[in-house]
Amino acid sequence: MTEPGILKEEGNTLFKAGDVQGALCCYTKALKLSSNQSESAILHRNRSACYLKLEDYTKAEADASKALDADPGDVKARFRRAQSLQKLGRLNEAFMDAQRCAQLEPTNKAFQELLRQLGAQIQEKLSSTDARVQQMFSLLLDPLAQSNLVVLSREEAGAEQIFRNDGVRLIQRLLGSKQEELVLSALRTLVGLCTGHQSRTMAIVNELGMEQLCEVMGSGASSVSLAACHLLQVMFEALTEGMKREIRGKEELRSMLRQLVEMMPASSVSGPGRDSAINLLVKQVPRKSQKNPDNSLTLWVIDQGLKKILEVAGTVPEVSEGPPLTDNSHMSCSVLLSKLYDDLKCDAERENFNKLCEEYIQLHFGRPGLESKLRAIQTVAVLLQGPSDVGNRTLEISGMMDAVISLCASEDVCHQQVAVEALIHAAGKAKRASFITANGVALLKDLYKKSENDRIRVRALVGLCKLGSAGGTDFSMKQFAEGSTLKLAKQCRKWLCNESLPPASRRWAIEGLAYLTFDADVKEDLAEDRNALQAMFQLAKSEDKTVLFAVASTLVNCTNSYDVEKPDPQMVELAKYAKQHVPEAHPKDAPSFVEKRLMKLLEAGVVSALVCMVKQESPALTETCREVFLALVERQEDRGTVVAQGGGKALLPLVSESTDKGKTKAAQALAKITITSNPEIAFPGERLYEVVRPLVSLLTLDCSLLQNFEALMALTNLAGISERLRQKIIKEKAVPKVEGYMFEEHDLVRAAATECMCNLVLSAEVQKLYVATGNDRLKLLVLYSGEEDERLRKAAAGTLAMLTAEQPELCARIPGTTSHWMEILQALLLSDSVELRHRGVVVTLNMMQANKSLAETLMESEVLEILSVLAKATEQSPVSRTAQDCLDKAMEYGIIKKPEGEGREP
Numbered sequence: 001m002t003e004p005g006i007l008k009e010e011g012n013t014l015f016k017a018g019d020v021q022g023a024l025c026c027y028t029k030a031l032k033l034s035s036n037q038s039e040s041a042i043l044h045r046n047r048s049a050c051y052l053k054l055e056d057y058t059k060a061e062a063d064a065s066k067a068l069d070a071d072p073g074d075v076k077a078r079f080r081r082a083q084s085l086q087k088l089g090r091l092n093e094a095f096m097d098a099q100r101c102a103q104l105e106p107t108n109k110a111f112q113e114l115l116r117q118l119g120a121q122i123q124e125k126l127s128s129t130d131a132r133v134q135q136m137f138s139l140l141l142d143p144l145a146q147s148n149l150v151v152l153s154r155e156e157a158g159a160e161q162i163f164r165n166d167g168v169r170l171i172q173r174l175l176g177s178k179q180e181e182l183v184l185s186a187l188r189t190l191v192g193l194c195t196g197h198q199s200r201t202m203a204i205v206n207e208l209g210m211e212q213l214c215e216v217m218g219s220g221a222s223s224v225s226l227a228a229c230h231l232l233q234v235m236f237e238a239l240t241e242g243m244k245r246e247i248r249g250k251e252e253l254r255s256m257l258r259q260l261v262e263m264m265p266a267s268s269v270s271g272p273g274r275d276s277a278i279n280l281l282v283k284q285v286p287r288k289s290q291k292n293p294d295n296s297l298t299l300w301v302i303d304q305g306l307k308k309i310l311e312v313a314g315t316v317p318e319v320s321e322g323p324p325l326t327d328n329s330h331m332s333c334s335v336l337l338s339k340l341y342d343d344l345k346c347d348a349e350r351e352n353f354n355k356l357c358e359e360y361i362q363l364h365f366g367r368p369g370l371e372s373k374l375r376a377i378q379t380v381a382v383l384l385q386g387p388s389d390v391g392n393r394t395l396e397i398s399g400m401m402d403a404v405i406s407l408c409a410s411e412d413v414c415h416q417q418v419a420v421e422a423l424i425h426a427a428g429k430a431k432r433a434s435f436i437t438a439n440g441v442a443l444l445k446d447l448y449k450k451s452e453n454d455r456i457r458v459r460a461l462v463g464l465c466k467l468g469s470a471g472g473t474d475f476s477m478k479q480f481a482e483g484s485t486l487k488l489a490k491q492c493r494k495w496l497c498n499e500s501l502p503p504a505s506r507r508w509a510i511e512g513l514a515y516l517t518f519d520a521d522v523k524e525d526l527a528e529d530r531n532a533l534q535a536m537f538q539l540a541k542s543e544d545k546t547v548l549f550a551v552a553s554t555l556v557n558c559t560n561s562y563d564v565e566k567p568d569p570q571m572v573e574l575a576k577y578a579k580q581h582v583p584e585a586h587p588k589d590a591p592s593f594v595e596k597r598l599m600k601l602l603e604a605g606v607v608s609a610l611v612c613m614v615k616q617e618s619p620a621l622t623e624t625c626r627e628v629f630l631a632l633v634e635r636q637e638d639r640g641t642v643v644a645q646g647g648g649k650a651l652l653p654l655v656s657e658s659t660d661k662g663k664t665k666a667a668q669a670l671a672k673i674t675i676t677s678n679p680e681i682a683f684p685g686e687r688l689y690e691v692v693r694p695l696v697s698l699l700t701l702d703c704s705l706l707q708n709f710e711a712l713m714a715l716t717n718l719a720g721i722s723e724r725l726r727q728k729i730i731k732e733k734a735v736p737k738v739e740g741y742m743f744e745e746h747d748l749v750r751a752a753a754t755e756c757m758c759n760l761v762l763s764a765e766v767q768k769l770y771v772a773t774g775n776d777r778l779k780l781l782v783l784y785s786g787e788e789d790e791r792l793r794k795a796a797a798g799t800l801a802m803l804t805a806e807q808p809e810l811c812a813r814i815p816g817t818t819s820h821w822m823e824i825l826q827a828l829l830l831s832d833s834v835e836l837r838h839r840g841v842v843v844t845l846n847m848m849q850a851n852k853s854l855a856e857t858l859m860e861s862e863v864l865e866i867l868s869v870l871a872k873a874t875e876q877s878p879v880s881r882t883a884q885d886c887l888d889k890a891m892e893y894g895i896i897k898k899p900e901g902e903g904r905e906p
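Take the sequence shown: its letter number 274 is residue 274 in full-length UniProt numbering, and every next letter is one higher.
Just to be clear, a hint being listed does not mean it is correct.
[What the hints assert, rightly or not] Mimicking DSS-like on lysine-lysine, the simulated pairs with C-alpha atoms at most 25 Å apart in a straight line are:
| # | residue 1 | residue 2 |
| --- | --- | --- |
| 1 | LYS490 | LYS588 |
| 2 | LYS661 | LYS345 |
| 3 | LYS779 | LYS852 |
| 4 | LYS490 | LYS449 |
| 5 | LYS737 | LYS339 |
| 6 | LYS355 | LYS307 |
| 7 | LYS53 | LYS29 |
| 8 | LYS768 | LYS733 |
| 9 | LYS588 | LYS487 |
| 10 | LYS355 | LYS449 |
| 11 | LYS663 | LYS541 |
| 12 | LYS596 | LYS490 |
| 13 | LYS339 | LYS308 |
| 14 | LYS487 | LYS600 |
| 15 | LYS737 | LYS779 |
| 16 | LYS16 | LYS66 |
| 17 | LYS615 | LYS588 |
| 18 | LYS649 | LYS600 |
| 19 | LYS661 | LYS615 |
| 20 | LYS661 | LYS291 |
| 21 | LYS663 | LYS339 |
| 22 | LYS600 | LYS588 |
| 23 | LYS490 | LYS600 |
| 24 | LYS29 | LYS66 |
| 25 | LYS291 | LYS345 |
| 26 | LYS339 | LYS307 |
No wet-lab data here; the hints were simulated from the structure.
Working from the sequences, and respecting the hints, build out all of it.
Structure, rendered in structure tokens:
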């Protein structure tokens with residue numbers, strides 16, 4: 001018999017004798033020696049029996065499982081695992097093992113008894129769980145308990161405990177309670193459970209069902225609707241993030257999208273709930289990056305839900321029956337339709353989108369009765385605000401424009417309103433604007449002058465404004481007679497300042513200004529009207545996205561912060577020669593006029609309005625705000641005002657989520673502020689460290705040299721504040737980028753990079769790069785110290801001075817960098833600049849202190865004479881004192897002797 005076999009028999013004998021601990025030792029020794037799988041399985045089974053006797057149920061279950069891995073038919077091992085699981089409270093698993101044992105040996109009474117016990121325990125647990133859930137439900141009527149549950153769910157351990165202890169069932173009951181506070185607590189708890197956890201999210205989606213969650217989101221209370229929207233967004237993110245790592249979650253994702261699409265035309269869904277559903281589709285369906293080839297979600301939504309979205313777009317609440325809407329619903333539909341259309345990859349997909357839209361509109365436009373035609377026109381208006389190419393195609397449907405024009409003359413106010421709004425949006429294209437100018441201006445003027453309804457008058461006014469601005473910023477393209485646009489703008493400002501008017505009418509007045517401010521004369525008048533500016537900024541604090549877009553567009557126009565491509569002068573001359581139209585800039589769009597407008601906007605409080613606007617979760621809006629912020633910080637004198645009004649704090653979130661172009665603009669604005677303001681005041685506390693990453697992002701070839709230069713200047717300021725900030729800069733991998741810009745041909749960029757390195761070498765980690773052999777970093781600094789550019793010389797010599805002070809071993813390597821090192825050092829000592837002379841004497845002192853032979857080399861040259869002259873300066877200064885220290889060191893080495901009768905002044 002083998003040694004493991006002997007130990008096993010010995011263990012069996014001890015176990016029967018009641019020496020369980022002795023038997024355990026024998027089985028453990030035997031397992032260490034055994035190499036036979038079946039023998040090891042028996043030993044694990046026997047040791048499991050020992051652990052059961054010793055009440056170590058976790059180890060008993062583990063050993064029984066190992067025995068079953070080797071032999072799944074081992075009924076004794078399965079029975080012991082069932083016993084262990086029973087004691088561990090894992091009753092369902094224990095029941096399955098006991099059931100299997102009973103199937104293998106139906107007559108075994110021990111197995112039957114265990115099954116009976118487990119069945120009773122499971123039933124008891126179910127009863128006690130229901131009681132516990134009921135108790136927790138009662139407890140959660142206490143606001144403090146609700147708050148505690150939400151806090152607990154935000155920690156991973158707490159979230160897991162809630163999930164494992166029937167928390168989802170409890171939350172399901174809370175969701176059905178109809179009490180707003182309870183529902184909010186339940187939703188916030190679910191957010192904690194789902195955040196970043198795909199498997200829990202999948203389980204919750206399957207257990208609660210999307211129908212119930214969407215029903216909660218579609219409820220009347222706006223706070224509940226927003227909370228449910230946030231929960232669904234978290235669920236989407238958890239599922240999509242999880243799908244990057246594994247295939248699971250796709251069905252749940254489709255289920256969520258299907259339910260959101262079904263919410264579109266449902267009359268039981270509230271207006272805010274529907275807006276939330278639309279916003280979720282906007283955020284989750286289109287691809288985040290065009291580099292991702294998979295736009296299957298977009299195609300699925302278009303196929304399954306485009307016509308349902310158009311149902312919402314075409315609803316005219318005052319005329320036709322349809323789903324409840326808010327003031328933002330049509331605009332939200334426009335954004336969603338635009339996002340879906342932009343996410344299409346090829347002409348075939350776009351053609352299908354166009355076809356579906358045209359079919360829907362033609363279906364309603366061709367029906368008898370005015371109600372259907374109004375629905376068709378309203379749908380066209382929404383499309384014109386979103387995917388305008390699709391909207392313009394639908395306008396070409398036979399009779400559509402004629403119907404719009406004729407409905408403008410209707411006696412019914414609602415009909416007029418729909419038609420005028422469609423006319424306004426149709427005027428976006430210059431070709432169609434000319435048609436409307438010829439056929440509809442007289443009608444709009446009549447509506448504005450004669451209509452007794454303010455809603456119609458203000459819309460007619462905006463229609464005229466849009467037609468008047470059809471030439472854009474082109475000074476030579478005027479749609480109306482001279483002075484007409486100024487009169488329209490004056491009327492818009494009058495409406496804007498009239499607080500007795502409803503917000504919707506004032507919103508349209510801002511829209512009118514958004515169009516008219518393409519004209520520089522209008523910009524100047526608006527900048528002079530402080531009351532109008534403050535009224536506009538006050539409305540910017542609302543949550544109406546239509547108002548916010550109009551305000552943002554007006555500000556972009558007034559600050560000239562839109563992107564303008566400068567035409568090639570040769571192409572301009574060629575166009576003139578060919579008698580083609582060449583756009584002309586307005587004289588009042590010159591930089592001097594823009595600067596004055598910026599000052600007036602700042603005085604009126606534009607920054608506080610922007611701070612409110614950036615809080616809205618709208619990519620297009622925040623993109624516009626970035627452009628305005630960048631324009632506001634262009635002048636150094638204005639940056640302090642921007643910081644004082646909260647601009648620095650508002651800019652930080654703008655660098656995180658945006659297009660690459662938008663992030664660059666926000667980062668450049670941060671750089672400008674960091675250069676001229678004290679960063680510790682502009683970005684107090686931990687915000688200071690958030691500035692580093694966006695600044696480093698500007699150090700790429702994709703950015704302009706100006707952006708590179710400003711980023712380097714800003715990083716220089718930050719690197720000079722503290723070691724922690726320097727470590728943050730190093731961690732963001734900025735050092736190699738800064739070194740790269742030290743070779744830039746442009747003098748200012750090269751000098752700025754060297755200045756940045758001058759502050760970075762205060763960190764020991766950067767010093768090690770210069771101490772390491774096999775590179776020319778030190779040589780570059782020595783050579784730059786001899787360049788003609790004084791700014792570059794100061795930066796390089798300063799870096800050299802700090803490095804030689806902190807790392808004396810570098811001093812001995814300076815002579816080996818270039819044969820002209822002595823001339824460069826002497827040039828520093830003889831410089832007219834006090835700062836350069838100071839850097840020169842510090843480097844000299846460091847070299848002399850580091851090495852006697854270096855000191856001898858220096859004293860044998862003209863350096864001795866130069867130092868003597870510097871030390872004898874009539875006025876004591878850092879330069880003269882350091883020069884004297886050099887001479888004292890030479891005397892200490894015995895290289896020179898102290899002249900008799902001379903002593904150093906105290």
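In rising order, the numbers of the hints this structure does not comply with
Hints 5, 10, 17 not satisfied by this model.
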